[in-house]
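One line per chain: the protein sequences are A and B, in this order.
Everything in the first sequence is counted per the working numbering, starting at 1 for the first residue and increasing by one.
Everything in the second sequence is counted per the working numbering, starting at 304 for the first residue and increasing by one.
To be clear, the hints were calculated from the coordinates, so they are not data collected in a lab.
All residues carry an ideal CB built from backbone N, CA and C; glycine is no exception.
Each hint should be verified, as a subset may be incorrect.
Unchecked claim - Where chain B lies over chain A, by a calculated footprint (3+ residues, C-beta under 8 Å):
hint	stretch
1	11 to 24
2	88 to 98
3	114 to 120
4	134 to 141
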Amino acid sequence: MAKASTFQDLILTLQNYWAAQGCLILQPYDDQMGAGTFHPATTLRALGPHAWKAAYVQPSRRPSDGRYGENPNRLQHYYQYQVILKPAPENVQELYLGSIRAIGLDPDLHDIRFVEDDWESPTLGAAGLGWEVWCDGMEITQFTYFQQVGGIDCDPVCAEITYGLERLAMYVQDVEFVYDLKFNDQFRYGEVFHQAEQEFSAYNFERADTEILFQHFKDAEKQCRELLTGPASEGEQNKKTKLALPAYDQCIKASHAFNLLDARGVISVTERAAYIGRVRALAQACCQAWLETDMGAYKPRFG
Amino acid sequence: MPDLLLELFSEEIPARMQAGAARDLERLMVGALTDRGYLFEGIKAFAGPRRLTLVIAGLPAKQKDVREELKGPKTDAPQAALDGFLKKTGLSKDQLRIEKTPKGDVYMAVIERAGRDTPHVLAEIIPDVMAKLPWPKSMRWKPGLSVRWVRPLHSILCTFDGELVPFSFAGISSGLHTRGHRFLSEGKIEAKRFDDYAQKLKAAHVVLDAEERSAIIFEGVKQAAFVHGLEMIPDEGLLAEVSGLAEWPVVYVGTIQDEFMDVPAEILQTSMRTHQKYFSLRDPKTGKLANRFALVANMIAKDGGKEIVAGNERVLRARLSDAKFFWDEDRKHSLESRVEKLKGIVFHAKLGTQYERVQRIEKLAGEIAHLIGADVEMAKRAAKLAKADLTTGVVGEFPELQGVMGRYYALHDKEDASVADAIRDHYKPVGPSDAVSSEKVTIAVALADKLDSLSGFFAAGEKPTGSGDPFALRRAALGVIRIVLDNKLRLPLTTIIPMARRAAGATALEANKLDEVIIGLAAFFEDRLRVALRDRGSRPDLVSAVFAFDAGDMRLAVSRLEALQAFLKSDDGTNLLAGYKRAANILKAEEKKDGKTFISEVTEKLLSEPAEKTLFAALAKAKSAIAVALEKEDFAAAMQQMASLRVPVDAFFESVKVNADDKQVRENRLNLLAALRATLHQVADFSRIEG
Numbered sequence: 001m002a003k004a005s006t007f008q009d010l011i012l013t014l015q016n017y018w019a020a021q022g023c024l025i026l027q028p029y030d031d032q033m034g035a036g037t038f039h040p041a042t043t044l045r046a047l048g049p050h051a052w053k054a055a056y057v058q059p060s061r062r063p064s065d066g067r068y069g070e071n072p073n074r075l076q077h078y079y080q081y082q083v084i085l086k087p088a089p090e091n092v093q094e095l096y097l098g099s100i101r102a103i104g105l106d107p108d109l110h111d112i113r114f115v116e117d118d119w120e121s122p123t124l125g126a127a128g129l130g131w132e133v134w135c136d137g138m139e140i141t142q143f144t145y146f147q148q149v150g151g152i153d154c155d156p157v158c159a160e161i162t163y164g165l166e167r168l169a170m171y172v173q174d175v176e177f178v179y180d181l182k183f184n185d186q187f188r189y190g191e192v193f194h195q196a197e198q199e200f201s202a203y204n205f206e207r208a209d210t211e212i213l214f215q216h217f218k219d220a221e222k223q224c225r226e227l228l229t230g231p232a233s234e235g236e237q238n239k240k241t242k243l244a245l246p247a248y249d250q251c252i253k254a255s256h257a258f259n260l261l262d263a264r265g266v267i268s269v270t271e272r273a274a275y276i277g278r279v280r281a282l283a284q285a286c287c288q289a290w291l292e293t294d295m296g297a298y299k300p301r302f303g
Numbered sequence: 304m305p306d307l308l309l310e311l312f313s314e315e316i317p318a319r320m321q322a323g324a325a326r327d328l329e330r331l332m333v334g335a336l337t338d339r340g341y342l343f344e345g346i347k348a349f350a351g352p353r354r355l356t357l358v359i360a361g362l363p364a365k366q367k368d369v370r371e372e373l374k375g376p377k378t379d380a381p382q383a384a385l386d387g388f389l390k391k392t393g394l395s396k397d398q399l400r401i402e403k404t405p406k407g408d409v410y411m412a413v414i415e416r417a418g419r420d421t422p423h424v425l426a427e428i429i430p431d432v433m434a435k436l437p438w439p440k441s442m443r444w445k446p447g448l449s450v451r452w453v454r455p456l457h458s459i460l461c462t463f464d465g466e467l468v469p470f471s472f473a474g475i476s477s478g479l480h481t482r483g484h485r486f487l488s489e490g491k492i493e494a495k496r497f498d499d500y501a502q503k504l505k506a507a508h509v510v511l512d513a514e515e516r517s518a519i520i521f522e523g524v525k526q527a528a529f530v531h532g533l534e535m536i537p538d539e540g541l542l543a544e545v546s547g548l549a550e551w552p553v554v555y556v557g558t559i560q561d562e563f564m565d566v567p568a569e570i571l572q573t574s575m576r577t578h579q580k581y582f583s584l585r586d587p588k589t590g591k592l593a594n595r596f597a598l599v600a601n602m603i604a605k606d607g608g609k610e611i612v613a614g615n616e617r618v619l620r621a622r623l624s625d626a627k628f629f630w631d632e633d634r635k636h637s638l639e640s641r642v643e644k645l646k647g648i649v650f651h652a653k654l655g656t657q658y659e660r661v662q663r664i665e666k667l668a669g670e671i672a673h674l675i676g677a678d679v680e681m682a683k684r685a686a687k688l689a690k691a692d693l694t695t696g697v698v699g700e701f702p703e704l705q706g707v708m709g710r711y712y713a714l715h716d717k718e719d720a721s722v723a724d725a726i727r728d729h730y731k732p733v734g735p736s737d738a739v740s741s742e743k744v745t746i747a748v749a750l751a752d753k754l755d756s757l758s759g760f761f762a763a764g765e766k767p768t769g770s771g772d773p774f775a776l777r778r779a780a781l782g783v784i785r786i787v788l789d790n791k792l793r794l795p796l797t798t799i800i801p802m803a804r805r806a807a808g809a810t811a812l813e814a815n816k817l818d819e820v821i822i823g824l825a826a827f828f829e830d831r832l833r834v835a836l837r838d839r840g841s842r843p844d845l846v847s848a849v850f851a852f853d854a855g856d857m858r859l860a861v862s863r864l865e866a867l868q869a870f871l872k873s874d875d876g877t878n879l880l881a882g883y884k885r886a887a888n889i890l891k892a893e894e895k896k897d898g899k900t901f902i903s904e905v906t907e908k909l910l911s912e913p914a915e916k917t918l919f920a921a922l923a924k925a926k927s928a929i930a931v932a933l934e935k936e937d938f939a940a941a942m943q944q945m946a947s948l949r950v951p952v953d954a955f956f957e958s959v960k961v962n963a964d965d966k967q968v969r970e971n972r973l974n975l976l977a978a979l980r981a982t983l984h985q986v987a988d989f990s991r992i993e994g
């Protein structure tokens, strides 16, 4: 049980481990998002009756967490490793502990605990029960049994496992400053990302054009709604069908535009709730539409 | 008699829900068993991170037999009535008995139900109880099943008298097996009886009883502290929580790095407690926070805990770096410069921002300071800065440190010590055991803060209701009462309530609501004061007797109450009260008869009996003496004067006939009694006193 000695080793180890458990190894989604949960492989696939097992790295953007590259562990761009298992296997805690062993944390030497932490995403209209997993007092994983996504009950219930990769790597590598992480044997994390953290912090907090962002939000919202308009009734002349997946892309974009506006400090407390409500409404509509598609309802055309 | 053993084994149950779940399981089982006629010797439920266990001792092997007699229709009743009765009882006609009654012959049915075997009853009860167990938050996890549990349930162990009780819940069949500690045991454990079960679990590193775990942790932390020459800072809430986070608690001690030791102790302690669930330790000699902490792991590590301690120290270092960063950053900006930022924080939709709130409090604190002789400028300064720490990084991270941090920052800004203390203490008292400040500047700010909330929320129509008090207004009113009483302040509610209302100024809601708010607040305070005085052991009737006096001056009301209470305990007091009651009763009856109230002056020349002359003279003397004493707020002296009336009153009733034949003499004597009533009512409303 050698410790994953570099950041990319950690990722590769998790990829291999979850691949061996029968997971699809997917790639990051190509839209900016706040967490791996937003990936349609989680949000949409968590719904409907069909089984699903996937794992992937998702770059996650949290504009207001930017610290200009000065904070030892806070980043506006970081990586999550996301595993989604549907239905949740009965031994899912054991499977998870297997992954912890795989990356070199020996439960016989450490204090690993499941501490209550229910998860909720007001923007996705999603909620679940679970824990944060502690290793020697540090949160290394978020573990959630989804109960609802897009306001729709999940049945079967899936298990979502989210590792904060930088944090976990810092623990495994015994590093206190995130930029000191060994990305591989040659490069440090800081060499890859430090400048990006500086520049994006300035963008997120100072330079992002709020007028443009407000317009982006409106455009995405409008496009999302438009894509979700389908024939009002069977046999209607209107041949347009709902396009759940492109609509959901727009929902992701609206969410990110909101996060940027929030970081720019131009959204007041009262407006904030209203904006979150608007994104949630989009997410719910996308989820509804997804369940009406062949894949969402499990009428596969292939395979 | 046989025992029941039940264990419900699941994934990790939130610590805060464990005790409640054990209580609920016990309560529901007791209910279900007594409903079915069972008596048993004892019951106990246990809860821990992964299991709920219930043991019932001395449960009979069979349910009691039940014999029931049912009276049916008369023998000459229509066939339909008989058919109905047969259907209801499930018997045939020849199984019925005929009984003679005064009203004629009736059918009687005797129903005998043999008690069922207990395992059958249990197999029926337990799944039902499990379905009813009210978790604060529960989840679905089985595909296609709506059944809920707090987290996925894995196994059910259930035996009665050492034998399996077969049933199923959520598709899980009961069995004879469980598991031990997640990491410190291997494989399944079979258990059929409680003693065996508890023993095997202990061998598998599970302490079943939360109290035992809690005791292990308490002793462990105490010992570990002692080894380092330290003592633990008791924290019952934390102890209860960590007892729910470990099946096999092991205490380890870690070190706080020196660079953090000049960060305020409150920050260190709060960070350790809320984020990491560590116990803080202190030096028993100085009482100062020590550079050690105790952590409770759920693990006996192979290396003796070296990695665990190192890991926890590392996590704490990151946590404290964050906290220290905030602490250092916060001090770069003065509190004064932060006041402006309060404009961005909404206090309440109808009551504006924290900035507007602070402006109101500042004005009010100045006025109150003037009334109580506090330094007006200091009070206004403290009020202005009182909420500025809400914009600091530390308070953002640890809201419970509001005020405490404000004081530190104020001292750093070289504000006056009285201002700094007021910033910290103006939130007090927060609970019944919390002390009340006696510093005048603090008092002014604390009263202003509470009165502003009270008048603001009352004006906004957010009064507390029977079911809820989301803005803690009862606590605020009680705080005002305690501050006024403990400091013996002359601060009548009739002055300060309208003052608070006026301070709202521009942000006040419609002006015509003003009276309504003041009236509402006065009633609310009266209610709170009654409760507060009752809680201090005062008799409710005496509270009522003094309430109408003193125009909302709670300090006076309480001295009056105390003097009255003491007086009524004396011989003179008891007798005078009896005399008063007799006089009041006579007056009531005669006033009703005559249809008028006796309030006229007593005509001296109509007095003939020596006893009435004496009473007249005594009353004249007492009346003015009492008035003088009351003027001086010397209630003890007023009571003494009343005591001087006892003998003449007793003598009067002994020898004088009130209802004299002569109409004029009668009226004059009634007027004399009315004078007695009026004299006593100067001090308290005696008509409300019982006994």
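For this session: Report the numbers of all earlier hints that the structure fails to satisfy, in ascending order.
Result: Checked against the structure, the only hint that fails is number 1, while the rest are satisfied.
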